[in-house]
Every structure is written in C-alpha cells, then in structure tokens.
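Undergrad: Residues per chain, in single letters:
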Amino acid sequence: MDIIINGILLGTAFSMMGMGFALLFGVGKVFDLAYGSYYIIVPYIAVALAPLFYFRFGLGLAFLIALVAVAVFGYLLHRFLINPIRNRPMNIFIMTIALAVIIQELMVVIWGSSDTNIPSVWAGTTIILGVTVLNQKLAIMLVSLVTIFLLWLFLTKTKVGLAIRVVAESPQVAKIVGIKINKVYAITAIVGAVISGLSGFFMCSIYSANPFSWMEAMTVGFLVIVMAGLGNMWGVIPAGLIMGVIETLVSFSFPQGAYMKRPVVLIILILLLIFRPHGLFGVKGWVEEEKQV
Amino acid sequence: MTIETKQNKTFRAFLVNPYIIICAFAVLEVIYCYFTDNLWVLRILLICNIYALFAVSWDLVGGFIGQISLGHALFFGGAAYVSALLNLHFGIPLILSMISGVLSAIIFALILGLPTLRLKGPYLSVVTMITPMVFIAIIYMYPVALGGDCGCTGFQSLANGDLKTQFFIILAVVLISVLLILKLTNSNFGLILKAIREDDFAAEAAGLNITKYKIINFIISGIFAGLSGVLFVHFQGAVAPTMLEMTNSILPIMMTMIGGIGTVVGPIIGSYVMTFCNEYLVKQPEFRIILYSVIAILILRFSPAGIMGWLKKGFKA
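Here the protein sequences line up with chains H and P, keeping their order. Going by numbering that gives the first Met the number 0, the first sequence opens with residue 0, and the numbers climb by one from there. Going by numbering that gives the first Met the number 0, the second sequence opens with residue 0, and the numbers climb by one from there.
I should point out that these hints are in silico values taken from the structure, not numbers from a laboratory. Keep in mind it's a predicted model, so treat the numbers as computed, not measured. Mixed in with the good hints there might be a few duds.
Incomplete in silico selection of chain H near chain P, CB under 7 Å [what the hints assert, rightly or not]:
no., residue
1, Arg87
2, Ile101
3, Asp114
4, Ala185
5, Ile269
6, Leu272
From the three backbone atoms N, C-alpha and C, an ideal C-beta is built for every residue, glycine too.
With the hints as extra help, turn the sequences into a complete structure.
TA: Here it is, written out as structure tokens:
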C-alpha cells in the first residue's frame, strides 16, 4: 500500500514531465533536449528573485516571473535555433544538448554547483489510507492533474488546440487548410517549456536540484514517452504511473534500491520494446511517416 | 572544354580524394612528431587520433545505415574495461589482453545490436542510450572486482609510457583502421548500407538480407570503437565508469555532426576541431565548455551539413 500510493504520487509527476516532452516531440517531431533545462531554470530563477519581494507571496510571484522567462526562452530557442533547420532532426538533437550544457555551465558560474533548496509549497504530512505522505507530494499530484486537465481542455476544446492536433497528424494537410504552422510550433514550444518549468519547480523541493539535474529530467521525459509510444499523447499518463510504481517498488524492496531503480526500469523497457517495438500505446508506423514528410 | 580545365578538374579530384587527404595528413603528423619536442601538442594530437577512430566508427552506424546509436560508449568503455581488467587481475600480456578487449566488443555489439534490430528512430536511440547505464550499475555493484566508482589503475601502458612511441603505434593503428573503413564504405557493402538507410523496404524487396547487414555493420562498428577504447585506456593508464557514460556517447556524435555525417573524413575533421578547442581553452576553465558548445551550435546552425558540406560547396564553386 505504501509503495502503491507513493508510486502513484511519483508517477503523476512523471506523467506531467512526459506530457510536456510528448507535446514538443509529438507536434514538432524534433528532439528538444533543452527540455531538461527549462525544468531546472525555473526553480533557480524563482529562488534568486524571491528576496526581491518582501511580502508573503514573494516566492509565488518570483515563480510566475520565472515561468514567463522560461516561456520567452522557449520561444526564442524555437524561433532562432530550431525552426530554421527543422528538417534536420539530428542537428537539432546535438544543438539542444550543447545548449543545455551551456546553461548548466552558466548556472555553475552564477550560482555554484551545490544543491539548492526550495521551501515546500505545502508543509507537513497527511495520512491517506494509513500511509503517511508528504504534503508536498500531494501538491505535486494536484498540480500535475490540474495541468494535464487544462492541457486536455486546451487541446480538445479550443481552436488553437485543434490546429495543434492537425499539425501533429500531418503538417501538409495543416498547410492546405491554411493553418500557420510556424505559429503552431511556437505555441507548442511555449506550452512545453511552461509545463517543464512547472514540474521542475514543484519537484525540486523534494528532490535536491543542482545545475546537473537537467539530464535526469530529460531522461525521465524521454523514457516515459518511449514507454508510452510515440504519436499518442494520452499514453504518457499510464506510462508515467507504471514507471513511478516500479521505481518506488524497487527502491523500497532492495537494500541498494536507490542504485538499482533506474536500471530495473530500463531492463523492463528494453524487454517491452523487443516485444512491442512501438511502445505500449504507440501508433504503428509513426516513425516511418515522419521520414516521408 | 579545353584541356587545361580538364586537367584542373582531375587535379581537384585528386586533391579531394579522401585517401590522399588522410595519408597526407598522417605523413604531416609523423614529420611533426619526429622533429618536435612539444609533448603537450603531441598528447593532444594523440587524443585527437583516438577520438577520430571512435567518431568514424559511430559514423558507420549513424551516417551510413541511419541508426542513431546513443550507446557507443558501451563499446569504447566495455572493451577498455575488459582489456584493463584482464591485464590487471590475470596478468595476461598487453597484446593479448588488448586483442581480447577488441573481441569482447563483438559481444557488446551483439548485446546492443540484437534487441535494436526491429526498432527505429527514437525507440532505437533510447534502447542504445540505456544499455550502458545498466553496465554502469553493474560496475557500481561490484566495487572490489570492477573498481567501482573510482575505476582502477595499475595495468601496463602502451610502450611503457614513452609518449613518442605511443604516438607512432596509435597513429599507425588508427590510420590502418580508417583506411579500412574508407575502403569498406566505398565498396559494395557501403552501397548496401546506404540503400538500407534510404529505404529499408525497397532494400528488402531487392532481395537484401537487411538483418544480416545491420548486424554485421554493428559488429564492425563495435570492433573499431572497441579498438579506440582499448588504445585510449592503455595510453591513459586508468579506467573509470565515466568512459561508459552518456556524455562519452554524445561526443562522437557531436564530432560527426560537426565534421559532416556520412563522410569518413568529416568525423576526423570534427574530432580534431573539437579536441583542439577543448584543450586550447584550458586557460579559461570556467568558460571553456561554454565556448566549446557555442562553437558547436554555430557550426550546426549555419552549416547544417557540417564542415565537410561547407568544404564541398567551396570546391565546387
């Protein structure tokens, strides 16, 4: 019970991280590995700005400013680096890794390489079904669920969301019906960056954050969407939950569990991919389609 | 067309012949090495050569067959570990342990190559990315036998640590390997690889056994990557889990992309550019990695086909 509840709480956070990545990857069909840097920039900026505001919700205001900053950053990155060479996914792949490394080093220069702490949004613990849970974890779960719900509303109920889904399905059709593709890409870049930053801010108060944790965030997002399968946005929710439960299970049940949790997930993922080469819920042949475009 | 322009053209073709470029470069390096006593530059050149072989071996998989492997550190580090541990714990002579290290790369190539046969695109990248992580976890779990976090030292180094002899040995090995790969890619085999890259369905319909060629290609690439790893570890005299990490898998990809993917000369150029940038910027330790990455981004953004594409354009114009 312990394991399941903690695993689900962790899993929703993973789902949210995977969701942003799935949006960026599913619509734009490029690996934006700077995804991890959005995750790590937001908490750092928020902490740096918080002392400027003396009143009670200083951290909250700083957090909002940080989110805006990361959205602008995501847009600029998309506008000047990714969009001009969109037809060369490998170049974008390497470029965004280089960019993430630059940001990491800048952060080391500015803030040093030690861990940062963020005060919890909601301190204390609660007891659910006989299990003691950190309130911060509940907050993460709530934020994840709200974000996923809002994203669902955005994608299915608004006109922009419809345009995004059309572009994800087929950019050529989108062009024919008069959707401005570049605008859609820009919007997804901004939304993806904001989701990543959001999850970063809330995750960092439980897990320590340092300039090098972008790698961790990026790996998690990548693993979740691959486990879910590409071309299916909503598969990331069960995939994130499964991953969260497995990781908690392993780290609770073995003495050296903390070392072993990632490799176990990886081995399960490899086996899964051998038997289902397109992930759990993936669309078959999605990768080939991408080649022809 | 007059005779002069024709001669001019053949002369140009002679100049851009990759065999000539590589051999000329190697000769220049030998001459430089023979006369210089600047050991620092010599050391950098040596590292450049090793990484050049590593990047070329990645290009064989990534550039010619289009499988973006993020796990070449497995061959590099795995072969290095096997060779170093055999030499350290069992006292096997250097040459034999190096050969067995390279042969072990075949096993690693099978481990990485067999599950990824049916996978494509990002799925393949993920599986290749995570396999080395599993090996890192194994190394952490047996700290006594495998060295754990700190790795291990104390095995023999090439030519008893004499830098100039090491340089000649490594240059010779790298030159021969690169020429072999070049020959291979210009042969029928290379043509088949390119056919599979462009359209694997069409290649299969033409009667090619795709599975066989993919596995063979992976093994060849693994052997050369393992060779570079073995050379590196016996030059450096220490082996550590960082050799298996993802950064070490991304390095050859970066070199290849900067030099030009799918050309054997490109990764070599990329390796020299990156390693020299890396070593010369030592004077600004804080901004070294930043500058290095900025250079990489600028090259990739403004010359998407890499330095090779830029050079080719220059030669045609």
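Undergrad: Under the criterion of a CB-CB separation shorter than 7 Å, is Arg87/H in contact with chain P as hinted?
TA: holds, 5 Å
Undergrad: Using Cβ atoms only, decide whether Leu272/H comes closer than 7 Å to chain P, and label the hint accordingly.
TA: holds, 6 Å
Undergrad: Is the hint on Ile269/H kept, meaning its closest Cβ partner in chain P is under 7 Å away?
TA: holds, 6 Å
Undergrad: With a cut-off of 7 Å on the beta carbons, see whether Asp114/H makes it to chain P.
TA: Constraint on Asp114/H not satisfied, violated at 19 Å.
Undergrad: Holds or violated: is the Cβ of Ile101/H closer than 7 Å to a Cβ in chain P?
TA: Nearest chain P Cβ about 5 Å off; hint holds.
Undergrad: Against chain P, is Ala185/H within 7 Å by beta-carbon distance?
TA: This hint is violated: Ala185/H lies away from chain P, its Cβ roughly 18 Å from the closest one there, beyond 7 Å.
The structure is inconsistent with the numbered hints 3 and 4, although it conforms to all the rest.
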